[in-house]
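A.B. asks: Letter by letter, the chains look like this.
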Amino acid sequence: MPSPCRPSEATAAVSVGSAAAPVASRPRRVVVLGIGNTILCDEGVGVHAALALRERHALPDGVEVIDGGTAGMELLDALAGIDLLVVLDAVKARRSPGTLVRLVGAEVPVFFRSKLSPHQVSICDVLASLEFSGHAPRDLVLVGVQPESLELGLELTPTVARSVPALVQAAVRELAARGVQLLARDAALAVA
Amino acid sequence: MAQRITIDPITRIEGHLRIDVDVDGGRVKKAWSSGQMWRGVELILLGRDPRDAWAITQRICGVCTTVHAIASVRAVENALQMEVPLNAQYIRNLIILAHAVHDHIVHFYHLSALDWVDVTSALKADPDATARLAESLSSWHGNGKFEMRAVKERLAGFVSGGQLGIFTNGYWGHPAMKLPPEVNLLAVAHYLQALDIQRRANKIVSILGSKTPHIQNVAVGGVSNAISTDSQSALGVERLMAIKGYIDELADFVKNVYLVDVAAVGAFYADWTKYGAGVTNYLAVPDIPLDTKGTQFALPGGYIENRSLDSFKPIKTFSDEFWVKGVAESAKHSWYEGSAALHPYKGETKPQYTDFKDDGKYSWLKSPTFYGKPAQVGPLARVLCMLAAGHEPTKKYATAALDTVSALAKTKVGLDAMHSTIGRHAARAVSCAVQVDMLADQWNLLVANIAKGDVKTYNKPTFPKGEITGQGYHEAPRGALSHWVVIEDGKIKNYQCVVPSTWNACPRNEKDEAGPYEASLVDNPVADPEKPLEVLRTVHSFDPCIACAIHLTDTENGSAITVQAK
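Top to bottom, those sequences are chains A and B.
With the working numbering, letter number 56 in the first sequence gets 56, and the count goes up by one each step, no holes.
Each number in the working numbering comes from the position in the second sequence (counting from 1) with 192 added on.
One chain only, chain A, in its complex shape (with noise of 0.2 Å):
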């Protein structure tokens, strides 16, 4: 029933690089969600990012890593009653390709009403069907990677997938600011 996904003529602001304000408990339940796809180059960044973010952390109970792909409602139930999600994505903000991009609270769902997404329809349905239904997540950020490419290929272009690590470390600063710690890897296995 919900169409939230009229392309907006609102452009989202976008802030760049900064983390987010504290906040006073910690989130138990976290998702965060790579999402584009992954055979148009670039476009698949945030798939890229989540699955290194999981590849190289250990996640603690109520931390979720979700590759979504371009899904759209089959993500309801993953996301449905959530404390915090951090989405990751290419964003089209006009920006050198490689710079990082930060949208939080209601700029996400303007964001994915907007065309600076290009895989907006079906996220913004999923996230106006939870808004209807009071499951929407108490908390959203965003962060995004300038695209250079949208051509068709698996791979990313080498100056997106420099940034990569840099996308990462910024979802991992965005869970420590909200009180969610991601261990290293190699550090986990120190510490055991």
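Simulated from the structure, these hints should not be mistaken for laboratory data.
Every residue gets a Cβ at the ideal spot worked out from N, C-alpha and C, and that includes glycine.
Treat the hints with caution; some may be incorrect.
Pulled a few chain A residues facing chain B out of the computed Cβ check, cut under 8 Å [to be verified]:
1. Gly69
2. Leu154
3. Val172
Following the hints, put chain B in place on chain A, whose structure we already have.
C.D. replies: Here is chain B on its own, set in the frame of chain A:
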């Protein structure tokens, strides 16, 4: 003088579809359906290992992930003339059916109901009267007056909080909205319940597919699920019982809510049985294989010409020549080189963009034909083919739906009404009821087979030297999907996907005949050219999803949806 309306893009779908209509005297005179982005996944696959194709093709589309995985492994297995272990067939079948049930529920309640349901009107409803109406229609536990009161309250809070904006493209108060307030409120209540229930279908897919949305468990030759009754990590009793629980909940909702709601909405919109028939050649492929070779199917398929069920010709096996030889694709009106209709094994993907030419090339979609004719695919084609094949469960649910419509509309509504915009919704609900029962059947077959001691799930493929060809079809939620592969020395030499939305959303073919979307829009009423709700109703009734038919490109320019009335 005809007025041109351009809707670009059509929302509430995946991908990017543009529809143009010429309207004269409040009616559509001519229509164009245009896929606005280019698909080139075939090119990515060239030279690759055929065993990897399924994982790549399921990235084509976020809505139809599983379907491309299934069609792809079937194509390669067909090329190798492989058998697939029974357990693997049953596990794939369960995934296929759970995905279909999920897709149909979500399509009706969450992606198309807004075309028929006026949310603001629901605020005027008497919740107690809504509950009485609902309880007269079905025994569903979520139909009581307290439920309806709570839903109305939530909706009121939502609207007064200014949040209705998330339902953009809702044409509130449009003259074509006809449901009484109580029915609108009922639809909103079931919308919310459907949000909850659809998650059960998703859970089945994720238990069996190891992961969702992109399943991980299929392989050329079977599935990678290990079956064991005493291992925690394998598919065992506990997981199978969880799946059974979800199936039962889904069946309750589909039969007592979805099927009933579609009949009720259909009864109030009986005039929409007169619009939207379009192309009445119907094509559905059989699915839910019951043997290792793909010669017996639980869900029959075939071809019906010119709406005559008597003309039905079945497609019988995964290698049926009637199917394999019948498919061709033309690029005469598509932005590719060439115009002749080519068989998918010979298919080419060479872009030739020309801008939108009304009488020339105007779409990134090719135009598929079956023995030279356009054909409609999807739930309506599926249901009509199953009826023609004498499929008893389909007869049962189709009769039940039509009886409910007739009772509510106080006039006899017969099968002929199905060839229409609203008929496609009804057919989808009938199909969903059949498939949710089939889900239980497949579960029983899997459990019985495991109980016999058979735990085999995989046969290893071996690739010969030289060239082989194969096609894999799958009756996906949106209809007949097929992948066509040419393999040389174990590497992919050619790959073509003929997807459901290409059959339906295609431009004119090599003989300039309109495709199903285009034909179905002709004669549709349009009350207000600025708000072409009626056009959206007909297009949405096909459950358009063209992310797989086409691909995304530039999005920086053109920030707004345009409904241009010129």
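A.B. asks: Taking the hints in turn, state whether each one holds.
C.D. replies: Hints versus structure:
A distance limit of 8 Å between C-beta atoms decides the matter here; for Gly69(A) the minimum to chain B is near 5 Å, and the interface restraint holds. Interface restraint check: Leu154(A) against chain B, minimum CB-CB distance 7 Å, threshold 8 Å, status holds. For Val172(A), the interface hint is violated, the least distance from its beta-carbon to any beta-carbon of chain B being 23 Å, above 8 Å.
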